[in-house]
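Protein chains in written order, with numbering that gives the first Met the number 0: chain A, 0 to 518; chain B, 0 to 101.
Keep in mind that the hints were calculated from the coordinates and are not lab data.
Please note that the accuracy of each hint is not assured.
The following label-pair restraints were derived from C-beta to C-beta distances [unchecked claim]:
hint	chain 1	residue 1	chain 2	residue 2	range
1	A	A470	B	P41	48 to 58 Å
2	A	G376	B	G79	33 to 43 Å
3	A	S313	B	P39	24 to 34 Å
4	A	A435	B	G79	51 to 61 Å
5	B	M40	A	V456	54 to 64 Å
We treat Cβ as the ideally placed atom computed from N, Cα and C, and that holds for glycine.
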Amino acid sequence: MKKGFRQSMAWLHTWSGLVVGWVLFAVFVTGTASYYRAEISRWMQPELRREATVTPDALAQAADLAVAHLQANAAGARMWFVTLPTAERPLVELFWRTRPGTPPGHVLLDPRTGGPAELRATKGGDFFYRFHFELHLPPLWGRWIVGICAMIMLVALVSGVITHRRIFSDFFTLRRDKAAQRGWLDAHNVSGVLALPFHLMITYTGVVTLALMYMPWGVTAAYHGDQQAYFAETGQITQGRPPAGQPGTLAPVGPMVREAMARIPEPLERLTIINPRDANATVVAVFEEPHGLSHEHPQVAFAGTSGTVVEVLSGGLRPAAKTFTTMVGLHEAHFAGPALRVLFFLCGLMGCAMVGSGLVLWCVARLPKAGAPAGLGWRLVHGLNVGAIAGLPAGIAAYLLANRLLPLDLAGRAEREVWVFFGTWIVVAVAGSLPAPRRAWRGATALVAALFVAVVVADLATAQATWDDPAWFLGFDAALLALAAGFAVISHKVDRFAAPRRARAAAGGQAGEPQMGPA
Amino acid sequence: MALSPTLPGRAAVAGRVVLAAGGGYGIAALSTALLSLTLPMPRAEAVTTATLASFAIMIAIVVVAFAARSLARAALVIGGLAVVLGLALWLVAGAGPIGAAP
Numbered sequence: 000m001k002k003g004f005r006q007s008m009a010w011l012h013t014w015s016g017l018v019v020g021w022v023l024f025a026v027f028v029t030g031t032a033s034y035y036r037a038e039i040s041r042w043m044q045p046e047l048r049r050e051a052t053v054t055p056d057a058l059a060q061a062a063d064l065a066v067a068h069l070q071a072n073a074a075g076a077r078m079w080f081v082t083l084p085t086a087e088r089p090l091v092e093l094f095w096r097t098r099p100g101t102p103p104g105h106v107l108l109d110p111r112t113g114g115p116a117e118l119r120a121t122k123g124g125d126f127f128y129r130f131h132f133e134l135h136l137p138p139l140w141g142r143w144i145v146g147i148c149a150m151i152m153l154v155a156l157v158s159g160v161i162t163h164r165r166i167f168s169d170f171f172t173l174r175r176d177k178a179a180q181r182g183w184l185d186a187h188n189v190s191g192v193l194a195l196p197f198h199l200m201i202t203y204t205g206v207v208t209l210a211l212m213y214m215p216w217g218v219t220a221a222y223h224g225d226q227q228a229y230f231a232e233t234g235q236i237t238q239g240r241p242p243a244g245q246p247g248t249l250a251p252v253g254p255m256v257r258e259a260m261a262r263i264p265e266p267l268e269r270l271t272i273i274n275p276r277d278a279n280a281t282v283v284a285v286f287e288e289p290h291g292l293s294h295e296h297p298q299v300a301f302a303g304t305s306g307t308v309v310e311v312l313s314g315g316l317r318p319a320a321k322t323f324t325t326m327v328g329l330h331e332a333h334f335a336g337p338a339l340r341v342l343f344f345l346c347g348l349m350g351c352a353m354v355g356s357g358l359v360l361w362c363v364a365r366l367p368k369a370g371a372p373a374g375l376g377w378r379l380v381h382g383l384n385v386g387a388i389a390g391l392p393a394g395i396a397a398y399l400l401a402n403r404l405l406p407l408d409l410a411g412r413a414e415r416e417v418w419v420f421f422g423t424w425i426v427v428a429v430a431g432s433l434p435a436p437r438r439a440w441r442g443a444t445a446l447v448a449a450l451f452v453a454v455v456v457a458d459l460a461t462a463q464a465t466w467d468d469p470a471w472f473l474g475f476d477a478a479l480l481a482l483a484a485g486f487a488v489i490s491h492k493v494d495r496f497a498a499p500r501r502a503r504a505a506a507g508g509q510a511g512e513p514q515m516g517p518a
Numbered sequence: 000m001a002l003s004p005t006l007p008g009r010a011a012v013a014g015r016v017v018l019a020a021g022g023g024y025g026i027a028a029l030s031t032a033l034l035s036l037t038l039p040m041p042r043a044e045a046v047t048t049a050t051l052a053s054f055a056i057m058i059a060i061v062v063v064a065f066a067a068r069s070l071a072r073a074a075l076v077i078g079g080l081a082v083v084l085g086l087a088l089w090l091v092a093g094a095g096p097i098g099a100a101p
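Just chain A, same shape as in the assembly:
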């Protein structure tokens, strides 16, 4: 690092990007998919019938049915979570937590009958959403790993920006006809620089969504570590009501639902019922976010045994709290309508391309000289690159394929879909590390394309009869075919590409760090 600021940052960018690149790629891909989490869930449960509207009466009735089910099946739980039906998703979803460390209970009910909903079991789009920040690991482990990787990504972004001598000309530079290394460097620059505001925003706000977990020391210093007190004081949640220790009987929630809806104009989204069998039980009605960037749910809290309103939260956050909720809102993009959502999705794809091209660039810049064997490090990075960049999309396609092909009454069906996802990913990663690099890339990307086509074929063959809106399902399938076409084009390009001999030899010769700015 005696070489000066920019060189030390180039070094930092290369190596910090490499060590977390594979995790970041997975986080970017599943996070990008999560912009369409609700759509993926809908596609994966084609039996679901949407409704024109859900009336306040229907909501109140659904809430009563939900509480009756929880009283019968989750009496010992500390917390009940009731997601109420919407026109798009006319289902009651129940979660309950008995004690920390035990898995939460979960069931989907038909809001008209109160019985279990007649749908195929699947984790749907929620699987990608949770994988995006927990990697399917125990939550604490997954969140810390993703958080650390996100911080290193920020380091890579900042050092990458410093490394650029002429960031604006890099906007417009794509030298396809030069050496392979130049082309990959430019691809990395274009995908990184063009969407740079998005990348910085999404990474920083992503860390901010779990800020209190990663950086609890402000709350430790000022609140003795009481996060609930902190959140209540910022106005993001209603004041906590500690249990009385005396048994109590929950009042009917139907009237509370009507009362809450009379006070807040937004659609009612869910109920949280805390200490449901205690004399000091609390029912909190949580509404959808009002129009705007901020992640800020209006809430009405009721004393559970009497049904009287104890607190109404609706807007009025102070500047710092508003900044915090706006950052979370920007990350989740719930505010984005269809057109803006497409833009977010495309920016997410640019993020995938930036991480992926950076990983490939590392390998291309260090191609072994003609005839020389590749070193262990090079082969390891190459194998992980194929495993991540082609293996993960293959796993996603296989997950969707399993959703259509596994028997509907299979025991543990939702978990089997997840097994198929990881099984396919592992098989592609292992098989992709065996053949020569170009054959590996060509074969793996062709396989991904074939798998996405297979998903569409399986959908048409098995689920067409259950579609409630054929145009919508055909649109989803068309998007899958577009993905397949993208991978097919990549496979074809890999097959056809021939690097100029001289350029390739030159790239092999300077196998040190890649040159970021024009030399």
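With chain A's structure known, arrange chain B on it following the hints.
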């Protein structure tokens, strides 16, 4: 320092990685606690502001750790900053453990 095949070279890189991670997080944590107690705004606002800023502070420290001319100089700058922040926090929060302050 493209690839530092020598042992001292590698040790220096490892030292910077440890300094960047530990020092970066440590400075960010200390400054979050200190700003939470000292920013002239309501308590909840001070905590939120300090926590939101903490990640930018950590990134800045990481850049310092890797940009400094030598590992010793980086350790001196970051260690000195940590001592100053720690002392200030000790003065603000009182002699008791963090969190015991009113």
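Comparing the hints with the structure gives:
no., hint, verdict
1, A470(A) - P41(B): 48 to 58 Å, "52 Å, holds"
2, G376(A) - G79(B): 33 to 43 Å, "37 Å, holds"
3, S313(A) - P39(B): 24 to 34 Å, "28 Å, holds"
4, A435(A) - G79(B): 51 to 61 Å, "53 Å, holds"
5, M40(B) - V456(A): 54 to 64 Å, "60 Å, holds"
Violated hints: none; the structure is consistent with every hint.
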